[in-house]
Structure formats: structure tokens, C-alpha cells
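Engineer: Same order as they appear, the protein sequences are chains X and V.
Here the first sequence is numbered in the working numbering, starting from 260 and rising by one per residue.
Here the second sequence is numbered in the working numbering, starting from 260 and rising by one per residue.
Source of the hints: derived by calculation from the structure; they are not laboratory data.
Do not rely on the hints blindly, as some may be mistaken.
A pair holds if it fits inside one copy or across any two, identical chains being indistinguishable in the list.
As the list claims (entries may be wrong) - Below, a list of computed lysine-lysine pairs in the BS3-like style, where the Cα atoms sit at most 25 Å apart:
hint	residue 1	residue 2
1	453	302
2	439	369
3	332	300
4	423	511
5	344	522
6	526	511
2 protein chains.
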Amino acid sequence: MGGDHGPQVVIPAAISTLQRHADVELILVGDESIISAELAKHKHVDMQRLKIHHASQIVGMDEPPSSALRGKKDSSMRVAINLVKDGQAAACVSAGNTGALMATARFVLKTLPGIERPAIVTALPTMRGHTYVLDLGANVDSSAEHLVQFAVMGSVLAELVDGKTKPTVGLLNVGAEEIKGNERVKEAARLLAKTDLNYHGFVEGDGLYHGDVDVLVCDGFVGNVALKASEGVAHMIRHYLREAFSRNILTKIAGIIASPVLKMFSKELDPRAFNGANLIGLQGIVIKSHGGADAFAFASAINIAVLEARKDVPKNITRHLESLLEGQGL
Amino acid sequence: MGGDHGPQVVIPAAISTLQRHADVELILVGDESIISAELAKHKHVDMQRLKIHHASQIVGMDEPPSSALRGKKDSSMRVAINLVKDGQAAACVSAGNTGALMATARFVLKTLPGIERPAIVTALPTMRGHTYVLDLGANVDSSAEHLVQFAVMGSVLAELVDGKTKPTVGLLNVGAEEIKGNERVKEAARLLAKTDLNYHGFVEGDGLYHGDVDVLVCDGFVGNVALKASEGVAHMIRHYLREAFSRNILTKIAGIIASPVLKMFSKELDPRAFNGANLIGLQGIVIKSHGGADAFAFASAINIAVLEARKDVPKNITRHLESLLEGQGL
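Only chain X is shown next, with the shape it has when bound in the complex (with noise of 0.2 Å):
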């Protein structure tokens, strides 16, 4: 039970999500003496769907991943993992350290066959909805074949979560004709075009804000980077936007006029509604919470982590590897 927080977050975000799915039972992994003082200052839970399991290590937000495989066997990440890999969870859900929480579970639970790197994926806001844009940040370097993997990755996603038909796949890239980008995303396009995949095209970063594709894939090296840049400009615009309001008497009426309409405006881009990445390509669900989420946020990301398994994500993944590998021999 990591993250920034601990919990404080996680054990609110737990009770909410009892009461929203009525068939949803949660293990809560970490110190028990701490989750059951945590515990005590909820009235009304449903203990009967609400376990714990006791860790007595924690994996440090800054600790290296080696570190945490090799010397915290104990930790509540790893005991996590454990339950999934056991059959005595359907998924799990982290606010932990990253890069400790995707070695931790590709040594413990594998990738699926056909599958060469986990990918981290996650549903970024669009100006029609959504994208599931991956790889944001797993692998620095994806050759091409691992970018089409990222792309059934994505499209298993949209198809099985959102009930998409066929949802269209675009390849992130400096421009959209077929001569720009370098040879690996090139390389990505010419094989994409021969899978049964609804491939779109190359898009370019404005283009995801479009939402001009239902999945979007990329290098995990300029997903990232692209990313937090994205989170690094809506961070701007919304000092400047305080800024402005608050210049003066006139400005800060103005601004109390405005409230409720400001208020609406952040609540639809939300980041804490979009919380909740995917270690996707593994033998088990992983869902990543960022690690200065609060309840509402962690909720999110336990949200996901129930849909997918209601999907059984994995294993559709590889039923369509399957299918792709035979159909085009690829």
C-alpha cells in the first residue's frame, strides 16, 4: 500500500468502490496494523468483501527497481502481485513506485505469449472522448514488431473496455505523410497495414488531442516525454488562468462571477477521473495509480482494474495475437 500517500487514500478509494460495484471484493495488502486503525475510522463497511493481507516491507517511491525484486520479497507490491499470479486476485492496483512495480510484475507474472515488452497504457482526454495511448513510458527504445504489439495491446483495450468495433489505430509521428518519421516508425506502418487491425495512419502529437484515433502508439520514450509535457502545459494554462482572475478587485469579481463556469470547465478534463495506467502484455491485470493520487483518483484506477477483469483483458489479448499470427504470419 505505497504511493504518496498510503492508507489514507487507498482505504476511502476501497469502501467507495464496494459501494459502487456490489460484486467486487478487495484485498487490502500492507502493514495490518495500520489498515485496521485506517480501517476503524470508517463506520459501515462491508467487511465480508473487504480483506487484509499482511506485507511487512514497503518499496521506497525513489527506490531502484532492482533493489526492490531482489530485497523486498516481502513488500506489499510484491505480495500484490503474488494474489494475481495465484488466482486469489483478478488485478491489481498500485500507487508504488513504477519502475519497481513493472519489473516486480514482469518477474513475477510474465508477459503473454507473443509479447515481447509490457507496455504502460492509459486513456488520455480528447476533444471527442478518449485515447488509449501507449507505450508512456516502459521501454526506451521499441523496435518496430513492439510497436505493433503495443498496437493489439491498445485495440484489445478499446474493443473489450469501451465495446468499440474494430477501433481505429494510429502511429504517433512527426507528420502524416508516409515519408516523414524515422525508420522504425515506418518500418511499424508498412507492417501494421498487413494485420487485421484498423490501422489509420501516421497522427502527430496535436493530433491525439483531436482525438483522431481510438489508439495511439508510440515509442515509450516520446509517449512519456509527450505526456508530461501535455500535463506540463495544462499546468501553465491553469496558473495563468488563476493569475489573470486574481489581479485585482475587478478581476477577482470577475473571477467569482466565472467560478461556477471554471469550476465546470476543470471538472470535465478532471486528471483524477483519468487516473489509472495499465501494465498491459502481462499474464494478469496491473493498473498503476499515480502516486500523489487522492481517494477520488485511486477510485478511478480501481475502477479500471474491475472492468478489465470483467473483460479478462489478457487473455483476449493473446486470443487476438493468436489470430494475427495466423492470419498474416507475421
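Got chain X sorted already, so can you dock chain V onto it with the hints?
Structural biologist: Just chain V, lined up with the frame of chain X:
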């Protein structure tokens, strides 16, 4: 005289530049009859400082660079760059096809000694002012050595144009820790630490807009995607903000009351004020304006050309590179 709008934008921008800078002379390159007709619409133009240089061809906005290079020897773009080469102009400003402009500029002007690849650089707004980011798309596979050359060029720009002493230089990466990133950025970090540049370390995507450094260096693929994703987010936020204020009669009234504040806020982040990217690393100054720039934005691009010409940026890059080569044996 290309771009999406041609002389209708370039000529008013030229006239306002003459009013702003009393010591600047401008040469308008393009179809003489069209330019003259457009000029005739304006009064009190100081024709002593405004020359027309005829060019019979136009490079199309979607024309491949190779076709422009081979087939358009009398295009306005080519003729303008020739004027820089011949010393008749101190800089060239174009709103035309970026790929063709880069290919032509590189062919005619050649790169500076010690620079293997020219880069596209622009000043992006941050929460603390602005940051020079390069490369924004001239190269899609930059080596560690190229990244170091970009760092030198960006540093000279920040020093000369903004008068910063020892500007800080960062490397765009997926994490701030030394172990993060791909081999290229790690190697570039090792090389940069050995130079006399004020190397600050790795910067993540959001750090760009926090204004962590004066100069931010990255491969052109990554930089282009980050820039366009940023533009996409900003566009999406404006879209949702507009939508929130136009929902019903009450939100519309709030919008009218807030509109002076919203306008002031928009002005602060006006992308037109940041128009003008530098094709840096060439033996001459070439500034690329956004194709869709209006007169105000195009004048911003001309202003960059004026500032760089006054400071003789290309010569200073060479000087800095020479001292680097002597000092570190790089």
C-alpha cells in the same frame, strides 16, 4: 513569399517592422506584380527601406523538398536564401514549406563548421519566461554528438538574444535520475558534463513548462511530438473553456463579465508572440514562420531575424564551438 496567406500577411508585417526598427531595411521576395499591387493598398510606406526582388516560382506547401530543390531554382524561398548567401540580406524569413526551406537552406548556405546537422529551435513560453527548445523536427534520429551540438547552439542563442550569462542547459528525458533514458541521452549527458556549458541535467516533459532550464535539448522526433502535443492540449483546453461559457444564458453572462480577464490571459500565452523558429546551425540566419501566421505573428518572426542578425548568431556559434574543441578535445 509563401505560407498559407502570402503577401496579405507578409506586407503588413514588413511595414510594421520598418516602423518598429528605424535601422532595418527589408527585401520582399516574390512575384513583383502581386507585391506591388498589395503594397499599393498601404499608405506612407517608407520605400527607401523596402525593396522588391522578383522571383517567378512558388514552392507548394505540400511539395516534397527534393522537388523544390531541383525544380524551383527561381522560387521566392530559394532566391531569398541566395540573397543571404551573397551577403545582400542578413537573414531570411519565410512562412513556406518547412521541409523545402530546410533542404534549400542547407544546400545553399551549408552548415557551420563543427555542426553536422542543423536544428529547428524556438522559444517556448514557460511559467518563468521562456525556454529555447531544440531540435523540433529537423532530425528524427539524433546521435549523442548531435545533441551536444544542439546544446551549444541553444546556449549561444540564449546568451546573445536574451543576454543570459551561462544559460542553463537540460536534456529532455523520461526521468531526472541518471539511470533513466535511452543510450543516446545517457551518452549525451556524459559528453555535456565535460563541456564548459552550464549543464543542468535531465529534464522531464513537464519541466519544460516549469522553466527549469534556459535551453532544452532533444532529438527532433521527440521535440516535434512534444511541441505538437502541447499545442493540442492548449487547443483542447481553450475548446472546453469556450464550451463551458457558452452552455446556457447564465454561463454566457458569466463569460461576458469574465471576457476582459480571459482576453488578458489569452494575450499572455498568445502563440503569435512566440511565432518564428530558427533553422540554426547554418552559415546564415533563416527564420521559419508558422504557415498560418497572421501579420502580427509574422512580424514576431521578422523581429527574431532582426535580433539574431544584430548579434551575428552564426559567427558566435562557430566561435563557441572552436573554444569547445580546443578546450575538451571533443
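Engineer: All hints are to be evaluated individually against the structure, with a verdict given for each.
Structural biologist: Outcome of the hint check:
{"no.": "1", "hint": "453 to 302", "in the structure": "neither (56 Å within a copy, 61 Å between copies)"}
{"no.": "2", "hint": "439 to 369", "in the structure": "between (35 Å within a copy, 23 Å between copies)"}
{"no.": "3", "hint": "332 to 300", "in the structure": "neither (30 Å within a copy, 78 Å between copies)"}
{"no.": "4", "hint": "423 to 511", "in the structure": "neither (45 Å within a copy, 35 Å between copies)"}
{"no.": "5", "hint": "344 to 522", "in the structure": "neither (42 Å within a copy, 55 Å between copies)"}
{"no.": "6", "hint": "526 to 511", "in the structure": "both (21 Å within a copy, 18 Å between copies)"}
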